[in-house]
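**Q** Here are the chains, one letter per residue:
Number of protein chains: 2
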Amino acid sequence: MSKSLDFLTEALRRLPGIGPKSAQRMAFHLLQHDREGAAMLSRALYQAVDTVHHCAMCNTFADTEICDMCADDARDHAMLCIVETPADQMMIEQTLTYKGLYFVLMGRLSPLDGIGPKDLHLDKLIARAADGVVGEVVLATNFTNEGEATAHYISEMLKARGLKVSRLARGVPVGGELEYVDAGTIARAMLDRRSA
Amino acid sequence: MSKSLDFLTEALRRLPGIGPKSAQRMAFHLLQHDREGAAMLSRALYQAVDTVHHCAMCNTFADTEICDMCADDARDHAMLCIVETPADQMMIEQTLTYKGLYFVLMGRLSPLDGIGPKDLHLDKLIARAADGVVGEVVLATNFTNEGEATAHYISEMLKARGLKVSRLARGVPVGGELEYVDAGTIARAMLDRRSA
Numbered sequence: 001m002s003k004s005l006d007f008l009t010e011a012l013r014r015l016p017g018i019g020p021k022s023a024q025r026m027a028f029h030l031l032q033h034d035r036e037g038a039a040m041l042s043r044a045l046y047q048a049v050d051t052v053h054h055c056a057m058c059n060t061f062a063d064t065e066i067c068d069m070c071a072d073d074a075r076d077h078a079m080l081c082i083v084e085t086p087a088d089q090m091m092i093e094q095t096l097t098y099k100g101l102y103f104v105l106m107g108r109l110s111p112l113d114g115i116g117p118k119d120l121h122l123d124k125l126i127a128r129a130a131d132g133v134v135g136e137v138v139l140a141t142n143f144t145n146e147g148e149a150t151a152h153y154i155s156e157m158l159k160a161r162g163l164k165v166s167r168l169a170r171g172v173p174v175g176g177e178l179e180y181v182d183a184g185t186i187a188r189a190m191l192d193r194r195s196a
Numbered sequence: 001m002s003k004s005l006d007f008l009t010e011a012l013r014r015l016p017g018i019g020p021k022s023a024q025r026m027a028f029h030l031l032q033h034d035r036e037g038a039a040m041l042s043r044a045l046y047q048a049v050d051t052v053h054h055c056a057m058c059n060t061f062a063d064t065e066i067c068d069m070c071a072d073d074a075r076d077h078a079m080l081c082i083v084e085t086p087a088d089q090m091m092i093e094q095t096l097t098y099k100g101l102y103f104v105l106m107g108r109l110s111p112l113d114g115i116g117p118k119d120l121h122l123d124k125l126i127a128r129a130a131d132g133v134v135g136e137v138v139l140a141t142n143f144t145n146e147g148e149a150t151a152h153y154i155s156e157m158l159k160a161r162g163l164k165v166s167r168l169a170r171g172v173p174v175g176g177e178l179e180y181v182d183a184g185t186i187a188r189a190m191l192d193r194r195s196a
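Chains as they are written, first to last, in UniProt numbering: chain L, 1 to 196; chain S, 1 to 196.
If you are wondering where the hints come from, they were derived from the structure by calculation, not from laboratory data.
Only a predicted model underlies this, so the values are computations on that prediction, with no experimental measurement involved.
Don't be surprised by glycine CBs; every beta carbon is placed ideally from N, CA and C.
Any given hint could turn out to be false.
[Claimed, not checked] If you want the ones that stay clear, here's a sample from chain S, every Cβ over 10 Å from chain L, calculated:
id, residue
1, Ala-44
2, Thr-51
3, Met-79
4, Thr-85
5, Arg-161
6, Gly-162
7, Glu-179
8, Arg-193
[As the list claims (entries may be wrong)] Now the in silico label distances, taken between C-beta atoms and shown as ranges:
id, chain 1, residue 1, chain 2, residue 2, range
9, S, Asp-68, L, Lys-21, 18 to 24 Å
10, S, Arg-193, L, Asp-182, 54 to 60 Å
11, S, Pro-20, L, Thr-64, 23 to 29 Å
12, S, Asp-73, L, Pro-20, 28 to 34 Å
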């Protein structure tokens, strides 16, 4: 067999969720049916590794020192929303309900995976939130155990520095039927009920 | 967001079976956790596109004009086994029951996908099988409708040129329980029964 093909199959296994069979299928497909796509992917990888770094303000992936969103004067610089990943940031942007800036953790506290406060660069977050312009920090980490723990840790850290901290509301999802919503969510929605 | 990241996400979608969400997850993973892997994959793709072509004898992927297996004098050059893909070839090699050479179709006849005899380069196969050394051709295409049709077409073509043509045996799989084997397979095994 071809050594270059073996090398390609091995390299494709570095992609998350790709095992030996999938890697082989991908390599065959690219070489047999889409060499143009393979060349394009090679260039895209090279370019991304070469140019993508973290925005100095919000920590998300960016080609420039400050990303477009952080450089946008039309956004509310007094609001800072903290999310785990750029994907979460995009989901919130799609709702069109938030016009402030973001800070992207690029992960979550996860002692089991050995990810502590230092690994998440929370010092960068403190420096960002304490710039004197930010008035309110909205915690939008996931509502998983790890996301909740991360939110709690950051909340304590920022409140100690006199910042106003809020958290996304928990409750029954829009369109949710009580019969099929888990008890924990309903309990939370009952405790957090609001005047109608 | 980063343009290089968008380009990478788009390029990853050229991989078979990868949708927008998976592509994004892969891009984030590579940039956040495995830039070395991304650089390696970039090089592997570039190298494969640059060096991998088809063996002049067996049509499989190879870095050299004739692949290692076709150049191996220890193998039986009078036997030629026809398979659909290099993966099928590897499966047969693993059985250690075949010591001849191969011809890899890199596909199958599939009129619905617009793949006819010309697209499969069957002229290359005829030239290969009619080299005067090959005595028997073993058809090892899949036992799907398309694989069977491909085997039938090639069989007629080669028999017309006076070559001996055989097909892998059909029957009950090793370890198979009759109760759970489909009727078509049992019918075939009954018709092809052999003296015990």
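**Q** Hint by hint, note whether the structure agrees.
**A** Evaluation of the provided hints:
no. : hint                              : verdict
1   : Ala-44                            : violated (4 Å)
2   : Thr-51                            : violated (5 Å)
3   : Met-79                            : holds (19 Å)
4   : Thr-85                            : violated (7 Å)
5   : Arg-161                           : holds (27 Å)
6   : Gly-162                           : holds (32 Å)
7   : Glu-179                           : holds (29 Å)
8   : Arg-193                           : holds (34 Å)
9   : S:Asp-68 / L:Lys-21: 18 to 24 Å   : holds (23 Å)
10  : S:Arg-193 / L:Asp-182: 54 to 60 Å : holds (58 Å)
11  : S:Pro-20 / L:Thr-64: 23 to 29 Å   : holds (24 Å)
12  : S:Asp-73 / L:Pro-20: 28 to 34 Å   : holds (31 Å)
Violation of the numbered hints given earlier is confined to hints 1, 2, 4; the remaining hints are satisfied by the structure.
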